[in-house]
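Can you make the complete structure from the sequences, with help from the hints?
Going letter by letter, the sequence shown gives residues 6 to 156 in our numbering.
By construction, these hints were calculated from the structure, which means they are not laboratory data.
The structure presented is a predicted model; accordingly, all values stated were derived computationally and were not measured.
Each residue gets a CB set at the ideal place from its N, CA and C atoms; glycine is no exception.
Incorrect hints may appear among the rest.
As the list claims (entries may be wrong) - Derived DEER-like restraints, expressed as beta-carbon distance ranges: (1) Tyr148 / Asp7: 34 to 42 Å; (2) Tyr148 / Lys70: 32 to 40 Å; (3) Met25 / Lys125: 30 to 38 Å; (4) Asn71 / Val97: 31 to 39 Å; (5) Asp7 / Lys116: 12 to 20 Å; (6) Phe94 / Asn71: 18 to 26 Å; (7) Phe151 / Lys70: 37 to 45 Å.
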Amino acid sequence: MDKIYKFLATAAYTGLLPRMPGTWGSIFGALFVYFVFSKFSLSLKIILILLFTLLGIISSYKVSKNLNNKDPDIVVIDEFVGILLTFLFVPVNLESLVLGTILFRIIDILKPFPLKKLEKYPYGIGIMLDDIAAGLISGLILYGLFKFFNF
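Below, the structure written as structure tokens:
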């Protein structure tokens with residue numbers, strides 16, 4: 006397996022950590038949001054999300070094909086992108102970071118309709134789509150909480 010695809014698909018190898026790889030990928034994404042992503046303009050954030058999504062589709066496709074597994078646990082670039090989307094329109098502080106990450110993980114794990122249908126798409130696209138949707142839903146809920154409760 007090409008090392009760069011594995012590095013990308015596992016979100017800098019966080020998907021290789023023992024137990025709960027999706028949670029590790031989400032935590033890595035949350036740290037990236039806190040220390041890097043939150044410092045950028047909205048337009049740069051959108052460009053980064055599009056770039057990571059494209060790289061995620063390609064790398065997760067390559068890794069899943071190589072492992073002969075439609076959605077291997079080690080692939081967590083989808084969680085990473087989902088976390089970026091969760092925090093696209095909300096201010097980032099420790100409280101929002103914890104709440105948004107937990108909210109994203111709950112939605113990602115439970116996969117309410119229609120998220121479950123989205124992972125039916127083949128390989129890279131299916132791997133990424135449900136987490137993109139989970140990130141958008143989490144971000145919308147988090148945004149609503151900020152608007153109504155003035156975090």
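Each hint, compared with the structure:
A hinted range of 34 to 42 Å for the beta carbons of Tyr148 and Asp7 is consistent with their spacing of about 38 Å. A hinted range of 32 to 40 Å holds for the C-beta pair Tyr148 and Lys70, which are about 36 Å apart. Range check, Met25 to Lys125: about 24 Å between beta-carbon atoms, so the 30 to 38 Å window is missed. Here the CB-CB span from Asn71 to Val97 is close to 35 Å, well matched to the stated 31 to 39 Å.
Range check, Asp7 to Lys116: Cβ separation about 30 Å, and the 12 to 20 Å hint is violated. Distance hint check: the CB atoms of Phe94 and Asn71 are about 36 Å apart, inconsistent with the given range 18 to 26 Å. Checking the proposed 37 to 45 Å range against Phe151 and Lys70 shows it holds: the Cβ atoms sit about 40 Å from each other.
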